[in-house]
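Residue numbers 19 to 122, in this note's numbering, belong to the letters of the sequence shown in order.
The set of hints was computed from the structure by calculation and includes no laboratory data.
Quick caveat: nothing in here was measured; it's all calculated off a predicted structure.
Where a beta carbon is used, it is the ideal one built from N, C-alpha and C, also for glycine.
Just so you know, not all the hints are guaranteed correct.
As the list claims (entries may be wrong) - Pair by pair, the computed Cβ-Cβ distance ranges are:
{"#": "1", "residue 1": "101", "residue 2": "38", "range": "33 to 41 Å"}
{"#": "2", "residue 1": "78", "residue 2": "27", "range": "19 to 27 Å"}
{"#": "3", "residue 1": "50", "residue 2": "79", "range": "13 to 21 Å"}
{"#": "4", "residue 1": "38", "residue 2": "74", "range": "31 to 39 Å"}
{"#": "5", "residue 1": "40", "residue 2": "77", "range": "19 to 27 Å"}
{"#": "6", "residue 1": "56", "residue 2": "121", "range": "17 to 25 Å"}
{"#": "7", "residue 1": "50", "residue 2": "115", "range": "29 to 37 Å"}
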Amino acid sequence: VKGDLPIPDQTDSYQECIAQGDLDDADFQFLQVEEGCELLEHNVSIDGIDYRMACHAESGVANIDGYMSFLGERVEGDVNIETETPIGQLIMETTIEGERIGDC
Numbered sequence: 019v020k021g022d023l024p025i026p027d028q029t030d031s032y033q034e035c036i037a038q039g040d041l042d043d044a045d046f047q048f049l050q051v052e053e054g055c056e057l058l059e060h061n062v063s064i065d066g067i068d069y070r071m072a073c074h075a076e077s078g079v080a081n082i083d084g085y086m087s088f089l090g091e092r093v094e095g096d097v098n099i100e101t102e103t104p105i106g107q108l109i110m111e112t113t114i115e116g117e118r119i120g121d122c
């Protein structure tokens, strides 16, 4: 988190099984769009995914820009969130790293 808020850096891990059948499905989405959010742009290629999203809440709008690069058995990317709060602008930067750990 950038700015004057005393929020420490955080690390979280998550594991998900994505099978070849999922990737072959034209309706498969890497992104989960939460309620109150709108996917503004979504570009998927063999090299990665870029997206822009806006999430609306009572406190305002959060603008989200993200990308993930597909690197064979790994993925790397960033998600940047900007929003206005009652105490000023809040900017959150998240780094994403993933790797294949085996069959589902």
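Against the earlier hints, flag every one the structure doesn't satisfy and list their numbers going up.
-> Hints 5, 6 and 7 contradicted; others consistent.
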